[in-house]
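K.L.:
Each chain, written out:
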Amino acid sequence: MATRHLDSIAAERLGDDEQERTLVLAAQRGDAGALRELYHAYRDRVWSLVMYSVGDFHLAQDVLQTVFLKVFRGLKDFRFQSSLATWIYRIAHNECQEHHRRHRTPHVPLETILGSSSEIDTRPILDDQHAHRERQLIIQRALMQLSLKLRTVIVLKYVEGLTYQEMSRVLGCAPGTVASRLNRALAELEERLRPFRGIM
Amino acid sequence: MTCWRFRLRRKFVPYIEGDLQPKDVKQVEEHLLDCEWCRAVLVRLRAGHQMAEELRHFTSDAEHPEFEAVLADAGGTRVGRRARGAVWEAGLDGLATPRVVEVLTILVIVQLALLVFSNRSVLFGARYRIAVKPAALNLSEFRQLDIRELRSNTQPHVATDGYVREVHTDEEEGTVHFKLVEDAQGSGPFVICEIMSEQAEVPREGSHVRVYGVARYDAQTNRNWYEVNPVLNIALLKN
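Heads up: the sequence lines are chains Z and A, in that order.
Quick note on our numbering: the first sequence kicks off at 1 and runs consecutively.
Quick note on our numbering: the second sequence kicks off at 1 and runs consecutively.
It should be emphasised that the hints constitute simulated quantities derived from the structure, not laboratory data.
Quick caveat: nothing in here was measured; it's all calculated off a predicted structure.
Glycine is no exception: its CB is placed at the ideal position from the N, C-alpha and C atoms.
Treat the hints with care, since some could be wrong.
[Claimed, not checked] Simulated DEER-style distance windows between Cβ atoms:
no. : chain 1 : residue 1 : chain 2 : residue 2 : range
1   : Z       : 28        : A       : 165       : 57 to 65 Å
2   : A       : 139       : Z       : 97        : 30 to 38 Å
3   : Z       : 140       : A       : 18        : 23 to 31 Å
4   : Z       : 43        : A       : 110       : 40 to 48 Å
5   : A       : 27        : Z       : 55        : 33 to 41 Å
6   : A       : 233       : Z       : 59        : 50 to 58 Å
7   : A       : 218       : Z       : 90        : 30 to 38 Å
Given these sequences and hints, build the entire structure.
P.N.:
What follows is the structure, encoded as structure tokens:
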């Protein structure tokens, strides 16, 4: 997926930045309709980040609820110094980290979930769509085996389409650090998927 | 052999995506021609990148009654477990008397003053680091010292000779550290050297070098050692 700029994604959803600003100002005045609209504009995007971070539907629901509670409570202090999307992603990222600290999940090797490459049926699958879904699933599961730090940088770039600059604001580190972390994450993802490359 | 050009490697993903400026493309490609290590890294990154591109949003069409509760909560209707937050907030409101606010303000000011005082070396060090312009370096102005003499040194700019040991790179931080020891066997006093830019080339393990840089003491727990940080120049005495 080509990298898409956050503002352009926000513009797709909300018309343009000015409309979003109007919406935020209305929400800051306590307009429940504006809050609802912001919630619907950002819920699915934050949902992906949270799901990839938490890995469990019900826990992710709980985290998402807390994220939006913090967004709505903090919105009155939002001064447009960053884009709204970056600000919301940052809250979501912090909440995922907090959740991770509280509920450290045991490491499950990918082979335990999928079986080793020698156990997998390597016969070609006739249904291309099904094969594509299987492939996505394998990659998703491999991603879930990475540390939260490495997983997050891949999700922000490849799923959410953030630029290095935007990622650095969300993660609170320099763009150079983001780039190095991304290199490490991609190298680790490649390593975890290497046993499956022959069948993917 | 390990390649230390980690700053250049940060451009590999944009290079794969075709997002680099022509001059950066040229720089990357010229390096790749000569560096087997980085070619191998690029192959791995390209494979990882292609796989990561297939990742998609998690979508959920399920009903989210809990989210509606968040909206209601934000609108002032406290529900379920969030109601406990309201009780706390009410308690905090009761504490917000002018006297309490005044005492808290004084406490914050005192804390800030202590924080600045206790970290003054770090703060001044950071300012000093920014002030250094490697291009304007006059190496004759650096005070030449043995490693063991660093403990009695008061000059910020020093030059010291030694043998390079334990080269370590931190790609995320963008730094390279190595241990500079006084004798070739590695015994005796040492100083930790940190390279923060690619202007100083990373020396080979075991080489005999003269390191120019800023002397400082790292007082963190389990460290308590002298450093040349940042290293501003390295002269090779014997490879």
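K.L.:
Could you run down the list of hints and mark each one as holding or not?
P.N.:
Taking the hints in turn, this is what the structure says about them:
1. The hinted window of 57 to 65 Å between residue 28 of chain Z and residue 165 of chain A holds, with their beta carbons roughly 58 Å apart.
2. A hinted range of 30 to 38 Å for the beta carbons of residue 139 of chain A and residue 97 of chain Z is inconsistent with their spacing of about 45 Å.
3. Distance hint check for residue 140 of chain Z and residue 18 of chain A: the Cβ-Cβ separation is about 26 Å, which falls inside the suggested range of 23 to 31 Å.
4. Evaluation of the 40 to 48 Å hint for residue 43 of chain Z and residue 110 of chain A yields a pass: the beta carbon distance comes to about 44 Å.
5. In this structure, residue 27 of chain A and residue 55 of chain Z meet the distance hint of 33 to 41 Å, their C-beta atoms being roughly 39 Å apart.
6. Against the hinted window of 50 to 58 Å, the Cβ-Cβ separation of residue 233 of chain A and residue 59 of chain Z comes to about 53 Å, which satisfies the hint.
7. Checked against the hint of 30 to 38 Å, the C-beta distance between residue 218 of chain A and residue 90 of chain Z comes to roughly 31 Å, which is consistent with it.
Hint violations for this structure: number 2 only, all remaining hints satisfied.
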